[in-house]
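Take a look at the letters that make up each chain.
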Amino acid sequence: MAPAARLGLPNLGLGVGLRSVHLPRLLREWPALDWFELVSENYLECQGWRRHALQQVAERYPLVMHGVSLSIGSSDPLDSSYLAGLKRLAADINPHWVSDHLCWTGVAGRTTHDLLPLPLNESTLTHVVARIRVVQEVLERPLIIENPSSYVRFRADTMPEWEFLARMAQDAECGLLLDVNNVYVSSVNHGFDPWRYIDAIPAERVVQIHLAGHRHCGNYLLDTHDGPVSDPVWRLYGHAVRRIGPVSTLLEWDDHIPELDVVHTEVLKARAWLTRSTTEPMPDGAASAAQAELSAPDAVSAYPLLAGAQFET
Amino acid sequence: MTMSFAHLLELQTWLQAAISAPEQAPLQARAEHYLQSSESLDAAARLAIYQRSYRARLLQSFHAIFPGLLHALGHVALDAFALDFLQHSPPHTSSVNRVADGFAEYLHRTRPAFDSATGPDWTDFVIDLTRLELALLEVSEAAGLELTSASVPENVRQWSDAQLLRCQPRGVPCLRLLACHYPVHDYLRAVRADDSPRIPHARPTWLALTRLHYRLATRELAPVQWQLLSRLNGAITLAEVLETVTTLGFRPVPSLELARIWVGNFLVQGLVATAAPEQ
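Which chain is which? The protein sequence lines are A and B, in order.
Every number in my numbering is 11 more than the matching position in the first sequence, counting from 1.
Every number in my numbering is 1 more than the matching position in the second sequence, counting from 1.
Same shape as in the complex, but just chain A (with noise of 0.2 angstroms):
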């Protein structure tokens, strides 16, 4: 039997990632804002100020924790600590889910906080299956995995993103986070169609979508989460949401962060796009039109890797 939309979880409509710089200001004023997604880590460890206020935010607004050192795939095992320290979060704030990335972060005890790429293949699958039950078993929730943006592929590759994902969400029967800035990155930097890309995403399984800035560095795209979304990446979140229906967008601003007025307005852009996407049928042929898109000569000038670029098949 076919999940339900979003494995039942709810469209929390538009959100922006809680960063502390805007808790002093979000504690006073409390301002009309659909939800917030908070860095788990940042919370895990911390008894104080911030935990405080953190405890405040749960009481007024919908939450939802978004990690980035479960390690899904490495090679060390779970971190159990790591895990119960999750629960008892997920316990306390009351998230509508908690989600990581399809990555690794460290190995042998180390970390390197980053969100490192797996070789995608038959075995890493079936690796990041497991682990991924293991999870959800401890939690007890469905987990929502995020697609990354990367800057290498492997020799040991076998299949597209789009295709591990798919897979992975169906053979563990978790959720999908998708980032369309990633699939944008990575489609620049990788070379592939991120239209189709988005086609072949199980869409029954997105349960939250991300948008967020990137920086064109000469011959490669940076997820850098520091500025307003790219036109190039609302066009794609134009077509995720007419293909996958109303859900939970949030905008993640990390670095030269600005007022969180200037951040829920940037969000608040999601809304033309969300009304073109039930109101205005995709005609015929609309993908592969938005996809010239990218190809048109402006758009080459300013991500130069398309030009030439060779799409999978």
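Accuracy of the hints is not assured; some may be wrong.
To be verified - Partner residues aside, some chain A positions facing chain B, computed with beta carbon under 10 angstroms:
(1) Ser82
(2) Ser86
(3) Asp87
(4) Ala95
(5) Gly96
(6) His138
(7) Val163
(8) Ala167
(9) Gly202
(10) His227
(11) Asp266
Source of the hints: derived by calculation from the structure; they are not laboratory data.
Backbone N, C-alpha and C fix where the C-beta goes; we use that ideal spot for every residue, glycine too.
Fit chain B to the supplied structure of chain A, relying on the hints for placement.
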């Protein structure tokens, strides 16, 4: 161990080492073996993106944890110390706030040879400041007394001498004590106020750091007060602590009446919680 798992372990072990030690040529030479090239970047150039990101992220964390050190040393020197430290003590915990755990001990271990007879020097200042900034981070994250009700100082003043001697105060969980060669707390306060302070003159400085109503507080104590506070662990009586501290020879001699005032002040300042004596 299956063959496929062994391959994953081998690849991850290599990539982690290659990212964190870009100067090791044999590791970099393996990039072509594991990584695909793209249209515009070869395997080494793609690996270099992760190397730059690793270094930048960790150094950014050091800058955030050590604003005082950053002011005292500047970016170049702090980054050099940090990178050398990380090479020998790579991060192990999920919290990026803890990437500098052990940094003060590293600085002490690797300090230039010095003559203890000439007194503290610039290196001691750097180590003291490092310990202070790490301790403040710990205080901000540790359990505090915000959600508990501590004894009020009036109680201490009302206790009989016998009750006071039997009480067993203990430092609060977020209490950190530092014995420094320099008044680094004044220096750090000036840095935070954008006052561009110079390195102060050496002066033995006895600090107690705590958190009160979610605000960090730094108290400079007299040596005898610091010695007394450091022994209030909730397991021994104030009488026993006074007896021990008296033998250390500090002035003023810690009489019972002074101890009554000090313990009362420690309570008000959020440095100790008392275990009230039996009536």
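Structure-based check of each hint:
no.: 1; hint: Ser82; verdict: 9 angstroms, holds
no.: 2; hint: Ser86; verdict: 4 angstroms, holds
no.: 3; hint: Asp87; verdict: 9 angstroms, holds
no.: 4; hint: Ala95; verdict: 12 angstroms, violated
no.: 5; hint: Gly96; verdict: 8 angstroms, holds
no.: 6; hint: His138; verdict: 7 angstroms, holds
no.: 7; hint: Val163; verdict: 4 angstroms, holds
no.: 8; hint: Ala167; verdict: 7 angstroms, holds
no.: 9; hint: Gly202; verdict: 6 angstroms, holds
no.: 10; hint: His227; verdict: 13 angstroms, violated
no.: 11; hint: Asp266; verdict: 9 angstroms, holds
Hints 4, 10 from the earlier list are contradicted by this structure; the remaining hints agree with it.
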